[in-house]
Amino acid sequence: MAKKRTIISTHSFRGGTGKSNTTANLAVLVAKAGYRVGIIDTDIQSPGIHVLFNVAEDALTHTLNDYLWGKCKIHEAARDVTAAAIGNVDDEAKTPRLFLIPSSMNSNEIAKILAEGYDVAKLNDGFQELMDSQQLDLDFLFIDTHPGVNEETLLSIAVSNILLLIMRPDNQDFQGTAVTAELARQLEVPNMFMIVNKVPPGTDTQALRLHVESLYKAPVAGILPLNSEIVRVASAGIFVNRYPDHPFTIELKKIAEKVLEAGSSPATPRS
Amino acid sequence: MALLDKAKIALELLDSAQGHPVQTWRFEGEAIIRIGRADENDVTIVDPRVSRLHAELELRADGWLLISRGRNGILVDGTAVSEQKLNDGRTFQLGPNGPMLRFCHHVQPAHNVTTIDGIDPSIFDGLNIDHRKKDEEVQEIIGGSLFQQLKLRADELRRKNQVSESRRDAEDRKS
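Protein sequence lines, in the order shown, are assigned to chains A and B. The opening position of the first sequence corresponds to residue 2 in the working numbering, with each subsequent residue numbered one higher. The opening position of the second sequence corresponds to residue 4 in the working numbering, with each subsequent residue numbered one higher.
Some hints here could point you the wrong way.
Mimicking DSSO-like on lysine-lysine, the simulated pairs with C-alpha atoms at most 27 Å apart in a straight line are [unchecked claim]:
{"hint": "1", "chain 1": "B", "residue 1": "Lys88", "chain 2": "A", "residue 2": "Lys218"}
{"hint": "2", "chain 1": "B", "residue 1": "Lys177", "chain 2": "A", "residue 2": "Lys95"}
{"hint": "3", "chain 1": "A", "residue 1": "Lys123", "chain 2": "B", "residue 2": "Lys163"}
{"hint": "4", "chain 1": "A", "residue 1": "Lys74", "chain 2": "A", "residue 2": "Lys5"}
{"hint": "5", "chain 1": "B", "residue 1": "Lys136", "chain 2": "A", "residue 2": "Lys199"}
Hints listed in this document are in silico derivations from the structure and should not be mistaken for laboratory results.
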């Protein structure tokens, strides 16, 4: 039996929820558990996840944009960021491995996408090719989506085995996320989890968890505390590596376990 | 759901413009809740469109029932009703153009929750969903042809994924 390959979309209704940071740190934790993991930054209009892996802009030979314009194969845009993300891993070691498929930071490229749009079907072919790629041989693919509800986001959600909806304890986030959650149900996403991030100190997290679960009728994978340290590390690496015992890291590990658990069960019942 | 859990409910008075709760009443262990303008009601709403006793909520074996008692009646989704079974999140209006209320099962009553440092969980009251607004937005999106096409495309992609998985299975068996 071939190994199970799992697609995880992380999404938030608005920007500023800490989505990219959560995605990057989760992907690192999952890779560290002994897997080959990819992250694709589909937030083409405002890319940023590459910063967390210390990928310099000028070092980006190929990006997701090049793939979308037909200039390269998708796996050619994948960069092995294992050293920056995990540290000392033997070059020959099959696991853990982390690959990043970044979006271009070049303002002309971003302007081109905004002006001309791109073929959403091509993006989804890209997901498929990534999952099929023998070079990358991924176990997990994280899709860091663009905030809000639009065609490419919905299609990313639709092809995922797991959807992580990230929000802040904020009325607008709660309302907007309810719409996305309902659309995900309509699209029959097999596993949907809620994550509340930036929760102020002193909050009764258990009561908040119950409140969110009763509102969304979906399990809460984690309640992440408002984290001032993460702001300081933000542009200089991966938080879970630097602060392995921080409450944020501990809660994130629980989310990673849920991803691993859900990833090991079949996405669709087989006949 | 156990009868005891059913007895833990909350009623929210909604701001008519935004649909946000502006006042919340929580009940536990009650079998009848009276709503009206008069002071002796369990939920008092001082509004000329509300009757002295406007409505009652009664806990029946199969859940909560809303019964109209006033002259102006009760509207559910814009339609006048004399009785209405209440599910979690159901909104209803006291008379035409009258105040809007939402019925909710609440997980834990405020006075029973032990917080780490005594924070009142009613601070989550602002963290709610306006179900009517959400349903409207969802209907608008899923009703469009784009969403239906998207669903079809998603099905196709899932099928492709399964084919790929089977192919990988087959390749693995060969090697």
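Do the hints match the structure? See the list:
no. : hint                : result
1   : Lys88/B - Lys218/A  : holds (20 Å)
2   : Lys177/B - Lys95/A  : holds (21 Å)
3   : Lys123/A - Lys163/B : holds (14 Å)
4   : Lys74/A - Lys5/A    : holds (23 Å)
5   : Lys136/B - Lys199/A : holds (25 Å)
Checked against the numbered hints above, the structure violates none of them.
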